Amino acid sequence: MGAKKENNDEEMDEKVKKYLRGEAANLEGLKDKKLKGQLAVREDLYGKSAKTAAKIEKWLLPSEDGYLEAEGIEKTWRIKQESIAREVDILSSRNQYDIVLPELGPYTLDFTSNGRYMAAAGRKGHLAIIDMKTLNLIKEIQVRETVRDVAYLHNELFFAAAQKKYPYIYNRDGTELHCLKEHGPVLRLQFLKNHFLLASINKFGQLRYQDVTMGEMIGNFRTGLGRTDVMQVNPFNGVVALGHSSGTITMWKPTTSVPLVKMLCHPGPVSSLAFHPNGHLMATSGRENKIKIWDTRKFEVIQTLPCHAKTLNFSQKGLLAAGTGSFIQILADFSGSQNYSSYMTHSMAKGYQVGKVMFRPYEDILGIGHSMGWSSILIPGSGEPNFDSWVANPFETSKQRREKEVHSLLDKLPPETIMLDPTKVGTVRAPQKKKKPTKEIETEMEAAIETAKDTEFKKKTKGRNKPSKRAKKRREMIDRAKRPFLEQQTQEHETSKKKQKTNPETEMPKSLQRFGRQKAT
Amino acid sequence: MKVKVISRSTDEFTRERSQDLQRVFRNFDPSLRSQERAVEYVRALNAAKLDKIFARPFIGAMDGHRDSIKCMAKNPNYLKAIFSGSDDGDIRLWDIASRRTVCQFPGHQGAVQGLTVSTDGSILVSCGSDSTVRLWNISDANHADSDNLSDNSAKPQAVYVWKNAFRAVDHQWDGDLFATAGAQVDIWNHNRSQPVNTFDWGADTTISIRFNPGEPNILATSANDRSITLYDLRMSSPARKVIMRTKTNSIAWNPMEPMNFTAANEDCNCYSYDARKLEEAKCVHKDHVSAVMDIDFSPTGREFVTGSYDRTVRIFQYNGGHSREIYHTKRMQRVFCVKYSCDASYVISGSDDTNLRVWKAKASEQLGVVLPRERKKHEYLEAVKNRYKHLPEVKRIVRHRHLPRPVYKAANLRRTMIEAERRKEQRRKAHSAPGSIVTEPVRKRRIIKEVE
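For the record, the sequence lines run as chains A and B. Quick note: the first sequence uses the working numbering, first residue 1, plus one each step. Quick note: the second sequence uses the working numbering, first residue 1, plus one each step.
I should point out that these hints are in silico values taken from the structure, not numbers from a laboratory. All figures in this text were calculated on a predicted structure; none of them were measured in a lab. Errors might be hidden in some of the hints.
SDA-like, lysine to any residue: derived pairs with alpha carbons at most 25 angstroms apart [said to hold, decoys possible]:
#	chain 1	residue 1	chain 2	residue 2
1	A	Lys203	A	Arg148
2	A	Lys399	B	Lys4
3	B	Lys4	A	Glu11
4	A	Lys33	B	Glu279
5	A	Lys55	B	Lys376
6	A	Lys33	B	Glu280
Only some residues are given here: those of chain A computed to face chain B with a beta carbon under 10 angstroms [unchecked claim]:
#	residue
7	Ser83
8	Val88
9	Lys193
10	Tyr362
11	Asn393
12	Met419
13	Ala471
Computed far set for chain A versus chain B, every beta-carbon distance over 10 angstroms [to be verified]:
#	residue
14	Leu30
15	Tyr67
16	Ser92
17	Lys203
18	Asn237
19	Glu363
20	Asp388
21	Pro394
22	Thr417
23	Thr423
24	Lys473
Built from N, CA and C at the ideal position, the CB exists for glycine as well.
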């Protein structure tokens with residue numbers, strides 16, 4: 001009985017920790033008693049609200065995660081989709097299918113944030129929108145030119161397609177709304193839904209950000225690292241990461257023209273990358289048959305896996321799907337120690353080339369775009385079982401959608417809020433104290449001034465011995481005596497400033513040090 | 001093999017009939033909401049801007065008096081009534097909702113200097129410079145239909161003539177005594193034509209008087225000799241007194257912390273005191289640029305309103321050094337009296353221009369019935385605004401107030417003067433023997449001495 005209770009407490013602590021959103025502020029050093037009291041009350045309140053949120057979880061979150069457990073000598077990665085289909089309910093088993101459209105070339109796909117709709121784009125110009133719940137085809141158009149990528153905007157009404165020369169924005173009825181000529185021949189499109197920014201990378205390696213509400217071009221940066229079609233938005237902070245053929249990965253925000261981070265991840269070209277939804281993990285794959293899992297806070301490799309991947313995707317629960325050729329592998333980390341190991345595998349019919357894998361949000365489903373159409377398989381435990389109606393609602397009515405559109409426009413974030421650490425928003429920079437000159441230097445300077453004051457002048461001839469002339473001369477002498485000390489001070493100040501600038505470079509993580517400025521020896 | 005996948009049947013997650021409410025599911029997991037803080041910040045900023053847009057505090061003016069308004073009284077028993085007395089001896093009862101005179105109380109020969117209503121709301125006491133105290137029965141006057149008019153006048157229940165002119169009156173919170181201030185402090189009973197008790201300390205005129213809301217026998221007065229005096233009716237002599245450098249025009253007790261009171265001073269500041277510890281003010285409330293004429297606490301005890309000779313009304317936090325809000329109009333002249341309404345949502349000011357003005361206590365508050373969802377939204381926005389109030393952008397918008405030019409200039413001038421004084425003090429300190437000049441805190445600086 002006691003052990004059970006203890007176990008419960010531990011579980012509760014875990015949940016509370018999730019809702020606390022980081023550690024409490026340290027109030028020890030505060031001198032202002034009033035502020036300290038106010039902050040203590042606030043912290044107390046946060047603690048209480050986290051506790052209540054954890055407590056009411058069992059009523060608010062009625063659905064449970066999906067799972068796949070092996071019994072006996074079974075291994076989860078040997079379990080076939082067919083055997084899963086036999087075990088699950090009819091509704092779920094309908095989600096396993098292959099759509100074969102061999103003529104219109106490799107397909108890429110995108111889901112809306114609530115997972116209800118899917119846009120599929122065939123290389124040969126086929127665009128289709130499908131309601132994934134009823135599996136109805138909503139609209140299908142043929143644009144008669146190459147389509148390289150497709151991305152949903154803030155809801156299912158609009159989507160952008162990267163076509164041969166320019167990206168276009170279409171609405172649900174297939175009507176062309178905009179042609180974004182400034183972007184040029186775009187290879188990849190991504191939408192930042194908090195900021196209403198459409199990010200694109202084109203053939204010439206130019207990264208562009210366009211505000212889709214006002215149509216304003218927010219940023220236009222030349223990466224200077226060549227053509228790439230590896231681009232992914234970090235959902236945690238809105239930073240766009242690009243993978244380059246030199247093996248480097250650069251991270252960008254729309255307000256600076258130089259990358260925030262430039263890291264060498266692979267010796268060969270980067271073939272794909274993906275971000276964990278909590279933003280702390282990044283998976284990259286290179287042509288040298290390695291998948292690397294990175295900690296994006298320390299920029300360090302956590303794990304290196306020996307397998308090739310043309311496309312990578314993280315699910316909401318943190319499963320990692322890697323697709324190459326006609327083979328798909330799902331990696332999972334159930335221990336919580338960020339140690340990914342094989343969880344499931346799936347082989348498609350021979351000859352299919354997987355182009356894109358993407359987990360469907362709020363469902364245990366993986367969508368696969370490949371050379372012969374698209375498919376969908378079941379991956380138990382990949383999706384978040386409980387949705388929030390105000391964040392993303394798979395059962396959204398058109399009225400709710402309209403309401404949500406208005407609210408999300410009101411909460412539209414300015415592009416400046418994209419930064420590596422989004423928790424920095426709302427903090428105030430601590431005032432920097434000016435360093436006072438040390439006592440010793442001060443006394444020395446005073447002594448020098450005194451001696452300068454006390455010097456006697458020779459009697460000069462008439463005209464050069466005026467009191468004003470003498471006073472002027474004395475002032476000059478004092479200034480001359482002061483100068484070396486003042487110069488010393490400014491020099492010290494400058495060196496300390498320089499130190500501050502160079503410090504982060506010398507303390508860079510190992511992987512980044514090679515990009516830092518090297519000292520001339 | 002054990003397997004389970006997420007499977008949602010549409011019936012479970014949608015409403016059954018179109019008349020039903022839509023079903024709502026919540027998941028407060030932070031990982032579902034990315035960039036929470038940035039979103040909250042944007043909301044706070046928008047809320048601050050919206051607050052500015054909706055800040056329309058002035059509700060209306062109530063005109064009818066023929067001379068400047070000297071004093072007001074609220075009926076603790078009746079929410080929408082307010083009494084006002086003017087310099088020409090006219091007393092009126094107003095209906096705040098319709099902003100019209102309900103009843104008049106003629107009789108005073110000179111200016112009406114004080115008005116008060118007994119706690120049960122049955123008797124109005126007025127006193128004036130004609131040396132009379134008049135008692136009016138108001139239990140029926142309140143309920144007079146507001147349609148039938150302004151020539152509805154009342155007769156006094158009693159008129160007590162006394163030796164000297166009166167300056168203020170206040171009724172006991174619990175009991176049937178009332179006190180008048182003038183050449184001395186007199187304690188009266190409803191039924192006696194002469195005071196039951198008289199206090200006198202010093203030669204100068206007492207100009208304001210207030211009973212303590214918690215302890216019915218304690219009252220505070222301020223006098224022309226720059227003193228604030230506390231009296232206890234159970235003792236034969238005054239209890240204690242504090243003398244300041246400038247005169248205190250009015251006093252208000254905090255109804256929620258009845259040991260504390262705030263004094264409105266001639267030197268543009270208000271001083272909050274603990275009645276048990278008068279050698280130091282608890283807080284100095286600065287912002288006015290001319291003498292503060294009247295002060296009244298909100299029934300919640302968290303805020304108070306002041307009216308000043310600089311033609312503005314300000315609202316302060318009970319523990320805040322600067323005002324939360326400033327109200328002014330082009331036509332409003334010197335404000336002589338202010339009252340916070342009994343539901344803490346309105347402020348009424350009476351000024352030299354013969355008008356009473358009704359203001360909202362929270363400038364951007366939505367009037368009328370607020371639906372629960374609306375209320376929750378307001379509360380949420382208030383909370384995020386409070387959370388991000390220290391950020392420069394939000395702070396700038398929340399703090400900004402348009403000031404009338406004379407007030408703006410006077411405030412600048414005052415600031416330079418205070419700064420110059422401070423600099424001078426600093427220099428004096430730097431150039432004299434260490435320890436010989438002690439800077440007194442602002443809370444003590446204006447107090448001369450405390451007398452027991």
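Against the structure, the hints:
1. A:Lys203 with A:Arg148: 11 angstroms, holds
2. A:Lys399 with B:Lys4: 33 angstroms, violated
3. B:Lys4 with A:Glu11: OK: lysine 4 of chain B and glutamate 11 of chain A at ~22 angstroms, within 25 angstroms.
4. A:Lys33 with B:Glu279: Holds: lysine 33 of chain A and glutamate 279 of chain B sit about 22 angstroms apart, inside 25 angstroms.
5. A:Lys55 with B:Lys376: 22 angstroms, holds
6. A:Lys33 with B:Glu280: Given pair lysine 33 of chain A, glutamate 280 of chain B holds - Cα atoms ~19 angstroms apart, limit 25 angstroms.
7. Ser83: 7 angstroms, holds
8. Val88: 5 angstroms, holds
9. Lys193: Since the shortest Cβ distance to chain B is 9 angstroms, the answer is holds.
10. Tyr362: 7 angstroms, holds
11. Asn393: 8 angstroms, holds
12. Met419: Status holds, d = 9 angstroms.
13. Ala471: For alanine 471 of chain A, the interface hint is violated, since the closest Cβ of chain B sits about 24 angstroms away, which is over 10 angstroms.
14. Leu30: Fine: 14 angstroms to the nearest Cβ keeps leucine 30 of chain A off the interface.
15. Tyr67: The claim is violated: tyrosine 67 of chain A sits with its nearest Cβ about 5 angstroms from chain B, within 10 angstroms.
16. Ser92: 5 angstroms, violated
17. Lys203: Given a closest Cβ separation of 30 angstroms, the condition holds.
18. Asn237: Asparagine 237 of chain A is in fact no farther than 10 angstroms from some Cβ atom of chain B, at 7 angstroms.
19. Glu363: 6 angstroms, violated
20. Asp388: 4 angstroms, violated
21. Pro394: 7 angstroms, violated
22. Thr417: Check fails; 4 angstroms does not lie beyond 10 angstroms.
23. Thr423: Threonine 423 of chain A not clear of chain B: closest Cβ-Cβ about 6 angstroms, inside 10 angstroms.
24. Lys473: 29 angstroms, holds
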